[in-house]
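Visitor: The opening position of the sequence shown corresponds to residue 1 in UniProt numbering, with each subsequent residue numbered one higher.
I should point out that these hints are in silico values taken from the structure, not numbers from a laboratory.
What you are looking at is a predicted structure, and each value in this text was computed from that prediction instead of being measured.
Note that beta-carbon positions come from the ideal geometry of N, C-alpha and C, so glycine has one too.
It is possible that part of the hints are untrue.
Each pair of labels, with its calculated beta carbon distance range [as the list claims (entries may be wrong)]:
#	residue 1	residue 2	range
1	802	768	54 to 64 Å
2	1006	830	31 to 41 Å
3	1160	589	33 to 43 Å
4	926	1010	25 to 35 Å
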Amino acid sequence: MPRELKKRGRRGEEKKRKLEEEEEAHQDFAQPKRQRTEDGVDAAAEQQDFVGLGQDGAYTNGDYQDGEGHGPPVEQVFFGMLDEEEQEYFKRADEMLEMNNFADAEERALFLANVYREANGKELKIANSQSCSRLMERLIQLSTPAQLKTLFQKFSGNFMHLFQHRFASHCCEKLFIQAAPVVTEELLHPPKPEDQTTADGDVYVSMENLFLFTLGEMEGNVGFLMTDRFASHTLRVLLLVLAGEPLSDSTNKSLMQSKRKEHVTVNGSSADKEDTTTKDKEDRRPVPKSFTEALEKLMTASVSGLDTTSLRALATHQLGNPALQLLIRLELTQFGKSKAKDENSIFRTLLPDDPITPECDSASFINGLLFDPIGSHLIECIIEHAPGKMFKSLYRGLLKDRMASLARNEIACYVVCKVLERLSKDDLLEAHEQICPQIPSLLERNRFAVIKTLIARCAVREIDSQAIAVQLSEAYNGPEGFDIVKLLKPDTDEPAVNGNAVPEGMPAHIAEERANPHTIKLQGSLLAQCMILVPGALSALILESLAALPPTTLQKMASDTIICRTLQAAMTSHNASIISRRKLIQQFFGHIGEMALDSKASHVVDAIWEGTHGLAFIRERIAEELNENEAALRDNPCGRAVWKNWKMDLYKRRRGEWIKQSKIKASNDGFQSFSEMRHGQQQAANAQQAQAAGGEKKSAIQLARERHAANKARSQQAREKHVAGGSSGRPSGSSNSSRHASGANALTNEQLLNSIQELIIPFIRSADEDAAIKHTGHGLAIEGQGPRTALVEHHPPQKLVSLFDVQLPEASQGKTGLLEIVEKLLKYSVNTWDQGFMDKLYASTNAVGVVSELLLAVLNTNLHVYQVSPALTIVEKTTSKALAKLFGFDGPHGGGISQPGGSASNATSIAIARNTLHPETKTDGINGRRFTLFTSAHGHYSLEKAAQMFGFGSSAVIGVAVDKQGRMLPSALDEAVQKSKDAGEVPFYVNATAGTTVLGSYDPITAIADVCQKHKLWLHIDGSWGGPVIFSSAQKHKLAGIERADSIGVTPHKMLSVPMTCSFLLGKDMRQFQKAMTLPAGYLFHSNEDEDASIADTTANPTSAEPKPEAEIWDLADLTPQCGRRGDALKLALSWIYYGSSGFESSIDSAFSAASTLASLVSSHQKFTLVSENPPPCWQVCFYYNKQDGSPEKNSKITESIARSLIPRGFMVDYAPGEEGKFFRVVVNPATRKGTLEGLIKAIEEVGQELKV
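Using the sequences provided together with the hints, build the complete structure.
Guide: Structure, rendered in structure tokens:
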């Protein structure tokens, strides 16, 4: 009877099919490896490790090329075909094994036994069958050691044919991988003699011997197998098995198989998951001695007869290269680094030159591979495993000076990563300096690997990563500073673009990077996670930027498969402070329930549990929100997992117990004051002692009560001592009471400082809160006696006198009176921490500035002589010398001196210039001569004031014409000087401005210096405002030629956020300063050459003896007009130490970016007219609103009216006179946000409409 559903002529069709399959089988060795694709397209080319280069002797698109040593050594063997019924059976068996839906392991074992019984005698056919070879792979995965040995024996004698077969080669690889742990097991636990005979009476064969028999088959053919398209992978697996190398290691895995190889697995089975799950394959395995001997023999055979040229040909071969990598690695790791010196070794044959110099042949070979998509992998291997001495010569001779350029290349960048991993601390520091400036360029090219490696190695070598942070901040700079959105790209959710061009020969991972934007997103996320792991500036960039994101953006990130891992890392990082974690977690309030239902965001909710360590009250707040969404969470698998992880059943049933456990693990110790922490530590120590002695353990609330009682007792005791000593608020005359008063100083200061802190922290915090709504054009309204925002409650002078009635009483009002006046002082003062303060050439300071001011108040000393201020004198000399060096005053006598402001610096420079160029004026005065000074028409008014003080008269200051940008015209200066000379006057001083007060212009210093040199005039640079741009590589070109000046004034309290006042006068030669300013004061300056205290001349005639130029000047008042001198240099020093030069640079560049943003906003609005350039030369932006042509008075009125009306809205800006009336002058700072600038524009428009201008 004919079978059902079978057409006639089936025998003819069957015969035809067999003939076709036979033909295909004979051609299998030239076909690509198997890959199952959805569209059915043959993906052979994608199965290779590398894309072929198409060179002679290499395999291109799977075809053999004519050439020596290529082509199969033996004819391909045909093992026959499975008939139709057999194929159907084995296909069904394969499907059942893949699904793995067996009731238990015993049922599966019975099924496997049946399959083996059916497959007996057909193993070779199955392995070579396109449709059934997958079954063989699954059988191997699930086989017992005895079954593996049976298969080994069935394959024995045919391995050379199987290695070269398109499908059977996969089965061989799987067999070797699964059999490797059996060798180790037999080595560690040898079978007993009675177990060495099988039930059938067959002789016992160890797995070790089966492997050795296989190696015997390969003799004479190993060299060919290295470049065979199928056998090459199998050979590499065999090498790793013989070496006992881990078979799951990522490096080995890439060498063992193609990146796109189909992974044949069994669903739900622990026997094989990506071939890597068993512990035996994860660790190095002990191997028998015979394996080590066989490995050495096999390695020798693989390259026997190859000279250096032939061996190097493998370096760019798509199959020979990974094999060569493995051989070199095994040679140097298995047989010692000394093997590299063996003349017959593979390594020495490949690189015969020792040492490797730039001129040698090995250097040319290496240089040729650096940019090769295949050969570069070999260079990575060499760098990773080369002996230390050879690596150093290779690095210093070929790579050291090229690290930056190599890092930018899409191929060589991976070589750079390997180099960075091996560098010593000193070499890494130099490489760090080369690569850091290239980071923005690297990010544009998506070279994340180099940056991640650099960050990781710097962390390991303990190299400061501040410079990397600065570059990353610049590369991802946004309106609010570092913009993490640009790094993580949460909006990248489009599919891969297939049309992206990929250069020929590019490796698969680079092609994928170009073609798939998700790969770039992944790399950005990994970079962010890497940064979070590094304490300091790098982690701060990520954590602070995340906390500043709006809730909607964070929720989108939490639901992103890739980015959610960055959020998890931020929550759980040890580098995240309590405050940063609190800010970040609070952004998710109100959305925890929906996040817990999302498969990605639910992991973020789990991470919040750990992130709330130290934040018990926030943990409870999150738990309450989860409880409100209980029903939805219980109906969702992700929600149920979150519910379990947060112990919500305990929370719901025994909330008190949950809270108790939570607080033990997430206490609020992070919010204790310093005094509480100190006393808490002492109490904890006492508690531990009591518990050790057998006492009961005290709860947290008990310890808190004890701390409070102890504090109260100490305060009472201090008051009693104070009263007993006779202190009543005024100094006592008795020494005894003085001692008591002195003893209470520390306690009094601590209490008073804590009370003041409770007032100033909310004052600063109000500016932070106000910043959040500045974009609306109006600050937060605060209750007061008039319109009030966080910026200020502003009143006219007469009204403020009545509101802020400062009384200086006869009787002491103590702490209460002091706090009352401080509270009012803060209330009616301008809050310069507020974003809306853009009025003057300074803004708020920072935490470091507050600390420095507190230190100076505590020290309370005068920097006139070294004896009373030794440490602060060192600080000032060091700081001023470092600052002077930045400006090019790097000679042995270059330095500077602090001054009480920029005006004082200018005035002092005039006195020094006059006394230096005309020394007789120091004692005799000007004697009726007309001394003249020259400055820009836009220069600072302090020069006229100084001229008045020094008896020149303000008319002696001659204003020099400027160009349209407000810069001094050198030609006009030359004419003015010559005119003054012709009039019989004595020109002696020129002031050039670096950053004018109104427009922020920079005078052309080089051209002005030429004029000064021509007329022998003193050149002073007033850099009070714009001088600090010397820290910025992007802006310091504006100071070109400044090293030619004689003196420079710089005021860090303007651009560098240092507290007021902090100003310096720098000089090329401080001996001139001392000679010009010194006067006899024997009661103050006690010169002692042995101590090198000062070189001041204290004789009756100060001009009779010259100061010793080689002596240091330590009594600093001898250099300035001031005797009373505060240690203002400490403010800059501490800030410099805390932020570093790179931190200053980042801050300065951020403000310049804000100024450009404002200028662009002004230009884009129809009713605004920009006066400044775009981009502006400095941080101030000048413009008109609703400018009326030909009506300066009306323009002035508009500007004045709007400026006054902006103050109640929380914005304070200034204005300046212009040819067409007064215009706005807005000064930004490093903290200015884009939203603030947009809010200002909006506020001006709204006020303008209200005023009907």
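Visitor: Hint numbers the structure violates, sorted upward?
Guide: 1
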